[in-house]
Amino acid sequence: MSWVKWKKLLSVKKPYIDKSFSLPPPPKKGKSTLEEEVDLLSLYEPKQQPTPYPDTKNQAETPEDYIPTNLSEVEQWLDKEFLLSLNDDIILRPLSIGLPKTLPALLVYFQSQVNNEHLSAMVIHPMTMELTPPAPIPEAPTLLELLAKKVTSAPGEYVILQDKKTIVERLINGHIVLFVEGQSEAIVIEGIEVPGRSVSTPIIESTARGPQEGFVEDLDTNIGLVRARLRTSRLVCEIRVVGRMARTRYCLLYVAGLTNPAMVEEMRKRIQSIDVDTVHDMGLFEQYIEDQSNSLFPQHLITERPDRVSSALADGSMAVFLDRSPFGLVAPISIWTFIHSPEDMYLRNPFGSFARFLRIMSLILTLFAPALYIAVTSYHPEMLPTELMLATAGAREQVPFPVFIEVLFLEFSLELIREASLRVPQQIGPTIGIVGAIIIGSAAVEAGIVSPILVVVMAITALASFSIPAYTFFYSIRILRLLFLASAAALGLYGLAIVTLIVAFHLAGVKSLGVPLLSPLTPSRTVADDLIFRGPILRQKKRPLYIRPLDTIRQNPSRPPRSRMKKQKLRRTL
Amino acid sequence: MKKPGMLGTFELFLLLWLYSTSTILLALPRIYAQDGQSALWLLPIISYLYLLPFIWVIIKLRDYFPDKILVEIPVILFGRWAGYLVGWPLAFYILFVTAMALREFTDVVNYIILPETPSWALLLPFLIASAYGAYKGPEAISRANVILLPLTLGAFIFLLFSSFTQAELYFLAPILGPGLDELLISAFLRLSVFIEVAILMALYPNIRSGKALRFVAFYGMAFSAFFMALVLLAYGLNFPFANTQLIGSPLFQLVRNINWGRFLQNLESLFVFTTVLMMIIKISLSLYIAVITFAKTIESPFYQPYVFPFAFITYLYTFMPTDYLTAVKWEYEFLRPYGFISLFILASFLLAVAAWRKKKRPRKKRSLKREPTAL
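If you're matching them up, the sequences are chains A and B in order.
For what it's worth, this note's numbering labels the leading residue of the first sequence as 188, then goes sequentially.
For what it's worth, this note's numbering labels the leading residue of the second sequence as 151, then goes sequentially.
Bound-form chain B, shown alone (with noise of 0.2 Å):
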């Protein structure tokens, strides 16, 4: 396998806040709004400290495997048939996730920018350049990301401080929603929001050292929490919750309320011009994920090639559901959930047997941490 290239820590910690952040663009603040009523914005800052043990994990498993990623460590533990129990359903469940996030998203635009164009001609250029984006790797997909940023987080930070100009406060009213334990109970369920957190866990050979995995994931996690929470914040002063559950595209409702003067309304197109960058550059990653998933599976040298026959698979599977809001039933109802937890306990035991295995080894072979192989 050719030698993976090097993501810098700024331009990780933005990629995984592009990664985590972009679910809100979709149906997110629905689901929210269901959970936690009028205190939605309180969910994702609650989930997050629900998510320190999985994080806590993600970085405790790098040490021991620095150079591999989650599917090549169970080969490494058991053998060749750990590593295809994993890597298989693992790779076809990610493009599924990503499906699912395509279709809600083509369903989107369709709706709101583009209602003649069919959702298959939507979809075409949209996962080539996805598809292109993968094959040039998670430091091309970083790298862009950076340099689009300006467009991205700037168009994000001129919607909150625009929404907070119509904001009613009374919106918030009652402050805990639904009520704290109730909230507490719906942020630990809702914990699946922060899955994406699990894409470390393929890029472990590309993160410079165990020091910048740790800022990325606390950090970066808390950040993407944060900003979720302020977006959510803006949303819910500008419209009543319970309104909102009957919303498909949440955000961009959000973006029609912008109004400036002449100059400064109706900007929901441009505001998707925003959001086509940040869900290619997800999607891309998706794609690179899973590919190299599947390639690592199956010994490949070389992920390239799988990349437009995965795309293509991808594609096929976003026509799967039959509507929008299947698609997004599917994704937090059963995707998501299960395959949190499924990830959780893998990660989880992955790392509890290698620990186990280390303390086993005789004293001179306790080189674990530098030489990975070593086990």
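One chain only, chain A, in its complex shape (with noise of 0.2 Å):
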């Protein structure tokens, strides 16, 4: 190997994430940023400059970067640029505008993005309707302000350009332009439209209490769920494409005088250095931007509930969107996070932390409950009561199998009903769990493959599990389990206590950008009453520390104590 080699395989190259990113302290302020006249603009403006979506820049630099005015060098310039003969979704449709004067011009478009009803009553008819009054108006000096100001009718917002580059970019994103013959420019007017379903109530995180609706796969229809519940004039909305192919919009939510701007400018950087074909999903977006995408444990809260993406913005932190994914990402976040249920805080506080109580048990449960039964029974007999340790002896008699083997099949078969039940069709999902149960909770005790006792340690872990939240966290408590299971079938308790100890410290060490997850248990900062146990609501008064927001108060401090009736008024009035 030579050297140059031997070179490249010792050096270090600079990640294109800086992972130490920690998130500084907010600027200091005097009064709130929310409520006072403060330059917002500086704070958040992004200091690497990214490029705006849509386009609306001129890109051109040379002459040939410009349209041609003769529609015939249009159409070959397109049919060159599309290849029109192959591509069948692009429509070039002439027309002649109905100016005093008539006028050849051409309409082109992508049949799969754009409505036909709202092109054929927006833009073709009153093009071709005879214009009147003929002369020009004077706030539009050229021909096509005119035709944009005054003839077309769609509702969306036009632009005048004349670059081809930037021309391209919005035909491919489902905007019309129209060519008119002898003008270098062309008008290019919003009509996209694509197929999708309609709002509907959450599949995954569904709840009782609280609003039914979630998440669709149109990126507007998003941003417009969360701003019908945060109608601030600051809630910023930047939306840009990522994906050299794809050119999929994404949209950045903060509010703007309340989210750190470190934190802002960080996600931007992350954000702007991918630099791949397609990102299809928010799946795959996570992995792009998240801390550490080899651990564990999730960095970002995916969600499909607008209420939960809109409780967070108001809380400091941030939100992305991905044009046809039904989800949102939420950062920074807390490992807590994931065993909050947006319910807990439309149920009063008892019932709340009631429920936070139960899924805290869950989740020690799943993750212990099968390791444990392993270490007792193979490494600490003597811990059990004795009727206990005879009873789980003579229930395990007739079973060949070493314990580990035991609870190793029932894990597998767990997971293959839980897989089979997420591939199969709705209707036949409840049947999976039937054969499931039969399976495992008669035909394999009766077989002598499992013992009894087990069963139903394994049917507490699994039901246990389904009651954690976040689907993605779901994911690493079964992983988990699974290394806490091989680490007591190696080593007792001994072993358990070693991986528990190897799975802290890696948590320990993760953050969410640039947020330790552990927060704001460890390192210790103000929680406002909301962390593991929720407290009542109207202490809840300041905002979550650890995501350092610009303004710390949530609700109003000095809150003028309720009226109370006398009992003689109360009397009366009855």
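Any given hint could turn out to be false.
If you anchor each label on the Cβ, the simulated ranges turn out as follows [said to hold, decoys possible]:
(1) B:R358 - A:T618: 57 to 65 Å
(2) A:R610 - B:R406: 51 to 59 Å
(3) B:R358 - A:I666: 47 to 55 Å
(4) A:T249 - B:R358: 41 to 49 Å
(5) A:V611 - B:R406: 47 to 55 Å
(6) B:K479 - A:E584: 53 to 61 Å
(7) A:L545 - B:Q415: 22 to 30 Å
(8) B:L319 - A:E569: 41 to 49 Å
(9) B:E332 - A:G722: 49 to 57 Å
(10) B:F462 - A:T618: 53 to 61 Å
(11) B:Q415 - A:V622: 50 to 58 Å
No wet-lab data here; the hints were simulated from the structure.
From a predicted model like this one, the values you see are computed outputs, not experimental measurements.
A virtual CB, placed ideally from N, CA and C, is assigned to each residue, including glycine.
With the hints as a guide, bring the two chains together.
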């Protein structure tokens, strides 16, 4: 091997994402940035200017970059660019504009992305009609501006462009382009309509109380769902594109004056560093921007609930939506977010806290129950009371396998049921559950493959695991459980303690956009009575400080006391 | 060198508590029972009073060198040669002490819950976990300590409450054991039990402020001493001191005594779970301190590459004592006392030189506290 190769092998490449990013404290301020007049633009202005979307800038550098004035040349250029003879989706529709003097024009659009009715009613029909009054109006100095302002009745925005690159960019994003004979510019009209489903109930994060609507695949609808909940002028939505080939739109949402600007800048930096052909879904997108993509723990919240996103935004977090993905990404978060459900806040304090307590118990149970069973039965049977020890031994008498194999068999069966129920059509989903229950519940015990006590343990474990509200965290738990199982099988409680601590060390180092995942417990920060248990709603006065928001007060700290009726008055009223 | 992560006061307090209290899990009660007899529980409290000057030296030294660890200070004061002279022996001393604690602990586990597993097989995963912790650094170690606190501190509190139910008060008589004068002398001679406080000198750059250090050093060690006294009191109330001197792992003996009915008895295996957690955190931190001392001595920009080689050396050192009692003897008769004296003298000497140099400086360059490298 040559020296250069050795050097390459030994050299350390600078990571394209600054992995050591730590969220700095917010800049010092006197008054609330949400209420006072402050220069927010200077706070949030990107240090590195990204390519805006949609691109309205003139990107033309040489004369060849400008569109031709002759329509036949335009057609030739479009044929070269879009391979018109092969590409049946793109439509070139010639028309005559009905000005006092008829002008030939060419309407270009992608059939699959434009609503035909809308196109006919708002663009083609008004264009072909004779214009009245015939004279150009003063605020429309050019012909194209007159057409755009006076003739078309399309509700979306329009721009007049002259460079080829930008026009192509617009076309592939579902805009309609109108070329007019003799004009060196073209009108670009928004007319996109991509088929998609309407807003429906959340599938993964369903709750009994609270809003029953979930995100859909359309980016604008998703932004609308959030904006409907946060009607503030400070809600900023930066729309850009990601993916060299797919040019998928994404939106970075945050509340200016509340979200830490350093965090916004870091998020922008991470997203802009994505340099791939396509980013199909939020799952892929998440992996590109997270601090440790190989970690067992998710570092962002992926949610399909608009109320959850708006609540996070109001706390000072950020959200990202990707076009054609029905999930929103929330960052930064803490590990406690995964055991929180929006329902906890919609229910009163005791009920919400009880639900959380139940979930924490479930988490501990699902992680450690099978491992503890193995450790105790195989290595430390003296821990059990004599009767229980005898009952366990009696139940295991017929089973020819070691406990570890027994547990592994059941674990594998449960995973199979889970995986199968995800893949099969919804109509036969319950059948899978019944088949699984029969196989595991009775047949396996009768066949002497597993002991009945273990079936009970594993059933409780499986039930407990389903109570975790975050789907991505659910995967972490499944893998961790297997690790704990293996360690307990190898060295009993000793092994279990070792692996627990390795996991704890790992967890202690994981960050979500610069915020330690274990915060606000450690490093300890103010939590506004909403960490493991949720406190009374009136005590939750501060926003979570671990995400370092610019404005820390969530509700009026000097809330006036409620008026109380005197007993006498109450009696009279009654 | 990468910028070190900061430890919160709360995290550091708990880390120091765990680091110094975990000695009680091994042979310490046995040693104290030899010295203090029925008043064994008073020894940590008296020792703490003797420890105060050392704590003061540690705090003052940081005022002069807030972003340097102990081995970097001689380099600033005297030159590179002094760094080598202090750094190399110190790094390997820490490794050796760590190895002794590891040996004692492995033997206890081997004896109590896994008698059929060879020591080398018990040690290997333990050391891998510790090395991983050391690799992640003090920030991760302290955070892991905090999240596992319900298991560690909780287990101790449970042990205390459980053992007090079966206490026999007359085991504590005479209340001053061998007599006050003997107690005072024994506590002074066993001052090295609190050598753990010296870890603060390796964590100077990770400590936020002098105020935080003062709080952690004084109150953290006081809490540890108080906690140790409580556990020793519980022990003293359950067993006569004469028997304690013959028991290898006294605290496990205490756990065996727990009996809350049919479902809460024979909990020593469960207590091992907690003990393993505590010991891994302790060994991780020790390993980190040894490695950072070495890395700073040789002026390496990273400490991480040395973690696993050092863990391997520790693994080898662990087998040097022939048995548990030899390891205990080496630790309490040689390593701790001489180590404590050396560290105290070194730290005091460095503090004196730093103070003298500061005085000697002209007025305009007296910003020693703010810019430690100005020395």
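Okay, the hints, checked on the actual structure:
no., hint, result
1, B:R358 - A:T618: 57 to 65 Å, "holds (60 Å)"
2, A:R610 - B:R406: 51 to 59 Å, "holds (52 Å)"
3, B:R358 - A:I666: 47 to 55 Å, "violated (36 Å)"
4, A:T249 - B:R358: 41 to 49 Å, "violated (59 Å)"
5, A:V611 - B:R406: 47 to 55 Å, "holds (53 Å)"
6, B:K479 - A:E584: 53 to 61 Å, "violated (48 Å)"
7, A:L545 - B:Q415: 22 to 30 Å, "holds (29 Å)"
8, B:L319 - A:E569: 41 to 49 Å, "violated (30 Å)"
9, B:E332 - A:G722: 49 to 57 Å, "holds (53 Å)"
10, B:F462 - A:T618: 53 to 61 Å, "holds (55 Å)"
11, B:Q415 - A:V622: 50 to 58 Å, "violated (43 Å)"
Comparing the model with each numbered hint stated earlier shows that hints 3, 4, 6, 8, 11 do not hold.
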